[in-house]
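Student: The residues making up each chain are set out below.
Number of protein chains: 2
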Amino acid sequence: MKVIVQKYGGKSVETIKKMQNIADNIIQKKEEGYNVVVVVSAMGKTTNQLIEMAKTISEHPCKRELDMLMATGEQVSSSLLTMILKEKGYDAVSLTGFQAGIKTKGVHTKNRIVKIDIDNVKKHLEKNKIVVVTGFQGINELGEITTLGRGGSDTTAVALAAKLQCTCEIYTNVEGIYGVDPRFFPNTKKLDYISYEEMMEMASLGSNVMETRAVEIGHKYNIPIYVASSCKNTKGTYIKEFDKNMEQKSITGLSVNDNVLMVTINNVPYSPKNISNIFSKLANQEVNIDMISQTPPNKGHVNISFTTAKENTTIVDKVMKKLKKEICNMEVQNNTDLTKISVVGMGMRNEPGVASKVFKLFAENNINFKQVTTSEISISYTIYASDKQKAINVLCCI
Amino acid sequence: MKVIVQKYGGKSVETIKKMQNIADNIIQKKEEGYNVVVVVSAMGKTTNQLIEMAKTISEHPCKRELDMLMATGEQVSSSLLTMILKEKGYDAVSLTGFQAGIKTKGVHTKNRIVKIDIDNVKKHLEKNKIVVVTGFQGINELGEITTLGRGGSDTTAVALAAKLQCTCEIYTNVEGIYGVDPRFFPNTKKLDYISYEEMMEMASLGSNVMETRAVEIGHKYNIPIYVASSCKNTKGTYIKEFDKNMEQKSITGLSVNDNVLMVTINNVPYSPKNISNIFSKLANQEVNIDMISQTPPNKGHVNISFTTAKENTTIVDKVMKKLKKEICNMEVQNNTDLTKISVVGMGMRNEPGVASKVFKLFAENNINFKQVTTSEISISYTIYASDKQKAINVLCCI
Numbered sequence: 011m012k013v014i015v016q017k018y019g020g021k022s023v024e025t026i027k028k029m030q031n032i033a034d035n036i037i038q039k040k041e042e043g044y045n046v047v048v049v050v051s052a053m054g055k056t057t058n059q060l061i062e063m064a065k066t067i068s069e070h071p072c073k074r075e076l077d078m079l080m081a082t083g084e085q086v087s088s089s090l091l092t093m094i095l096k097e098k099g100y101d102a103v104s105l106t107g108f109q110a111g112i113k114t115k116g117v118h119t120k121n122r123i124v125k126i127d128i129d130n131v132k133k134h135l136e137k138n139k140i141v142v143v144t145g146f147q148g149i150n151e152l153g154e155i156t157t158l159g160r161g162g163s164d165t166t167a168v169a170l171a172a173k174l175q176c177t178c179e180i181y182t183n184v185e186g187i188y189g190v191d192p193r194f195f196p197n198t199k200k201l202d203y204i205s206y207e208e209m210m211e212m213a214s215l216g217s218n219v220m221e222t223r224a225v226e227i228g229h230k231y232n233i234p235i236y237v238a239s240s241c242k243n244t245k246g247t248y249i250k251e252f253d254k255n256m257e258q259k260s261i262t263g264l265s266v267n268d269n270v271l272m273v274t275i276n277n278v279p280y281s282p283k284n285i286s287n288i289f290s291k292l293a294n295q296e297v298n299i300d301m302i303s304q305t306p307p308n309k310g311h312v313n314i315s316f317t318t319a320k321e322n323t324t325i326v327d328k329v330m331k332k333l334k335k336e337i338c339n340m341e342v343q344n345n346t347d348l349t350k351i352s353v354v355g356m357g358m359r360n361e362p363g364v365a366s367k368v369f370k371l372f373a374e375n376n377i378n379f380k381q382v383t384t385s386e387i388s389i390s391y392t393i394y395a396s397d398k399q400k401a402i403n404v405l406c407c408i
Numbered sequence: 011m012k013v014i015v016q017k018y019g020g021k022s023v024e025t026i027k028k029m030q031n032i033a034d035n036i037i038q039k040k041e042e043g044y045n046v047v048v049v050v051s052a053m054g055k056t057t058n059q060l061i062e063m064a065k066t067i068s069e070h071p072c073k074r075e076l077d078m079l080m081a082t083g084e085q086v087s088s089s090l091l092t093m094i095l096k097e098k099g100y101d102a103v104s105l106t107g108f109q110a111g112i113k114t115k116g117v118h119t120k121n122r123i124v125k126i127d128i129d130n131v132k133k134h135l136e137k138n139k140i141v142v143v144t145g146f147q148g149i150n151e152l153g154e155i156t157t158l159g160r161g162g163s164d165t166t167a168v169a170l171a172a173k174l175q176c177t178c179e180i181y182t183n184v185e186g187i188y189g190v191d192p193r194f195f196p197n198t199k200k201l202d203y204i205s206y207e208e209m210m211e212m213a214s215l216g217s218n219v220m221e222t223r224a225v226e227i228g229h230k231y232n233i234p235i236y237v238a239s240s241c242k243n244t245k246g247t248y249i250k251e252f253d254k255n256m257e258q259k260s261i262t263g264l265s266v267n268d269n270v271l272m273v274t275i276n277n278v279p280y281s282p283k284n285i286s287n288i289f290s291k292l293a294n295q296e297v298n299i300d301m302i303s304q305t306p307p308n309k310g311h312v313n314i315s316f317t318t319a320k321e322n323t324t325i326v327d328k329v330m331k332k333l334k335k336e337i338c339n340m341e342v343q344n345n346t347d348l349t350k351i352s353v354v355g356m357g358m359r360n361e362p363g364v365a366s367k368v369f370k371l372f373a374e375n376n377i378n379f380k381q382v383t384t385s386e387i388s389i390s391y392t393i394y395a396s397d398k399q400k401a402i403n404v405l406c407c408i
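Chains as they are written, first to last, in the numbering used here: chain A, 11 to 408; chain B, 11 to 408.
Chain A on its own, in the form it takes in the complex:
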């Protein structure tokens, strides 16, 4: 059976009119002889609107019920799209997460897929139907409706493709993967190919095209992921296994992330206990820490800086207030006027000079950085937001 999975995001199914356009795209694949599984997000801003409704009830609405509420969004879009396909003369059927056999585990609103019972999907495909699956959701071992968190529909799509051993097409509001976000650097080139590793690095570093989890699943099961525009008929980007025929540049992409809160703690008496105390208290509040830097001890004291997403400001402030009672003289400073800029490239594995090249360029162009971290295939810098454009222009020319 020749199968393909296609995923359409919220913007692509924003209105009935837009759904009618993507239906033609789906039908084209069907006419090419494919059995098509479609994964849809909720229409436009539906999910956010549902969350806002819940927030009028409670600052922290029950997450099990939030899942129950949010899951309706994709149920609406999947049934409407199926009606459209049937109206156009193609047999189709919508399936919710539980009907598509998507079993999940974890905390509500942030579940992960642990298993897919694909029989029901296959049964419908064998009857020559287009199967429209609600993205972003599944069912847990208690029979409760769950959701997969941000970008969850991508995860649904790639996981289904992995189970069906086929290509996964992600149709979205961008035309593919770019070296840099075109809003920052209009001359950037759309990539024909990018490796899973590079894409994961880009995704986790803050590029908004796809969630890391989805790319991870693609990588694990070696499923080619094709990212393209849902409305323009232009060539997109394949995310796939790195091979030597792909262009070997030291830098494939640049990831820019403005959602940075940097917290600097001065005057911490130097002891491993103190430092672990700070980060375990943050972890207990589920604050994800990104970059960490520490000065060498000076007169028995160190300064520690870490970055996290801006939405954690309130909770971080609370933790710091508590810590101040335990660590005398400790001083805390928040800085939100920063950007994290990261260069990513498989080539870095073989070409060691990239970091020094960047340092030199930054020095020549008078760009200060507050923090730097490196991975095998990326280097990230926290810089002042005011230097962002200059840094992008400089790095794009490496």
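Since the hints were derived computationally from the structure, they do not count as laboratory data. Don't take every hint at face value.
Identical chains share a label here; the pair holds if one copy fits it or two copies do between them.
As the list claims (entries may be wrong) - Below, in silico cross-link-like pairs of lysine-lysine (BS3-like), each with a Cα-Cα straight-line distance of 30 angstroms or less:
id, residue 1, residue 2
1, Lys73, Lys40
2, Lys21, Lys55
3, Lys65, Lys242
4, Lys331, Lys21
5, Lys65, Lys40
6, Lys133, Lys113
7, Lys55, Lys320
8, Lys98, Lys328
9, Lys199, Lys398
10, Lys242, Lys367
11, Lys21, Lys65
12, Lys332, Lys65
13, Lys200, Lys370
14, Lys291, Lys242
15, Lys98, Lys331
16, Lys132, Lys113
17, Lys242, Lys309
18, Lys283, Lys320
19, Lys73, Lys137
20, Lys40, Lys332
21, Lys55, Lys28
22, Lys320, Lys254
23, Lys39, Lys73
Source: prediction; values computed, not measured.
Here the structure of chain A is known, so what remains is to put chain B in place on it, guided by the hints.
Tutor: This is chain B only, laid out in the frame that chain A set:
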């Protein structure tokens, strides 16, 4: 376990504010020591809005998909109400039709409940939770989401009460059951009690308070149903087994229905084949026929009149067009300027003179009727809409 089922209709859960009010009503029962199962409809006009959306796609949208779409309405209201109960400090859990074990059969959009696996509901009740169940929906043997048709949430509630062997309270936008719709006869009295049989007759004759099916289930399992206002704290009406202590009036209620299309077919050659042909063609198109009358054969021809709901006009016209090709000289007339008025009362079983009393009153007051039908506990008349108020005033004084 002391259990009660409460059902709240669309108007009662129209806004978060209204849901907060009914939450207090639910909590009061909980505080009285009851385990409470709540059944909710979709918020306000949600179901109609969803149907309208589907109608922009297709004149006759796929009914399986319509069920999938409509079922989201109650999922939204049940999760929001549950959040409200939890915010007020009471443990609660929402369950969709399939999670509440409601198994259904039949055609999509008009399923009927065939079985309830009550274990999951009971499990949550035993944990002292208020269980909020989505009304109007279930799951069929194929694992597809189904809906129960008009008034389906009442059916869900009474069926759950039957399974739990407890009273079912139906909270709605009326204060109880009246002898006549108060809009037509403001002096009408709210009834303290009405028997299942009378209520079924009233419901099937077009009073809009409750669906016949729900009352039927109550009757079958002898579940007391209490109908009352969701916003006013006034005494409602019990629907229960007829007993001799209930007030024995010959007429308990009057049912008025303006949704009447009367079709008169003149000049039909008298043969059983012709007549069965007419009604089987209508049945094939799922046109529900209400009253039928036929003149005695005259020169080998008869005139036939039947009534049905006005929304069947288009489909009836199509059937008649076909019939004209088969039955030459047949003439068809539609009349929509009619009202069906029915008197209902258990007392009629013992008191034979009611029909003759009505005929006399109609004659004295110059009210013509086009058709009359009788059941054991009711008599129905099709009259001109212009005579409606006069007929109501006359009949209310019997």
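Student: Does each hint hold? Answer for all of them.
Tutor: Hints, one by one, checked against the model:
no. : hint             : verdict
1   : Lys73 to Lys40   : between (38 angstroms within a copy, 23 angstroms between copies)
2   : Lys21 to Lys55   : both (8 angstroms within a copy, 26 angstroms between copies)
3   : Lys65 to Lys242  : between (36 angstroms within a copy, 28 angstroms between copies)
4   : Lys331 to Lys21  : neither (41 angstroms within a copy, 47 angstroms between copies)
5   : Lys65 to Lys40   : between (42 angstroms within a copy, 25 angstroms between copies)
6   : Lys133 to Lys113 : both (18 angstroms within a copy, 22 angstroms between copies)
7   : Lys55 to Lys320  : within (22 angstroms within a copy, 39 angstroms between copies)
8   : Lys98 to Lys328  : between (56 angstroms within a copy, 25 angstroms between copies)
9   : Lys199 to Lys398 : within (19 angstroms within a copy, 76 angstroms between copies)
10  : Lys242 to Lys367 : neither (38 angstroms within a copy, 76 angstroms between copies)
11  : Lys21 to Lys65   : both (23 angstroms within a copy, 22 angstroms between copies)
12  : Lys332 to Lys65  : within (27 angstroms within a copy, 57 angstroms between copies)
13  : Lys200 to Lys370 : within (27 angstroms within a copy, 88 angstroms between copies)
14  : Lys291 to Lys242 : neither (48 angstroms within a copy, 50 angstroms between copies)
15  : Lys98 to Lys331  : between (61 angstroms within a copy, 29 angstroms between copies)
16  : Lys132 to Lys113 : both (16 angstroms within a copy, 24 angstroms between copies)
17  : Lys242 to Lys309 : neither (62 angstroms within a copy, 73 angstroms between copies)
18  : Lys283 to Lys320 : within (27 angstroms within a copy, 79 angstroms between copies)
19  : Lys73 to Lys137  : between (37 angstroms within a copy, 19 angstroms between copies)
20  : Lys40 to Lys332  : neither (60 angstroms within a copy, 39 angstroms between copies)
21  : Lys55 to Lys28   : both (14 angstroms within a copy, 25 angstroms between copies)
22  : Lys320 to Lys254 : neither (39 angstroms within a copy, 72 angstroms between copies)
23  : Lys39 to Lys73   : between (38 angstroms within a copy, 26 angstroms between copies)
Checked against the numbered hints given earlier, the structure breaks hints 4, 10, 14, 17, 20, 22 and satisfies all the rest.
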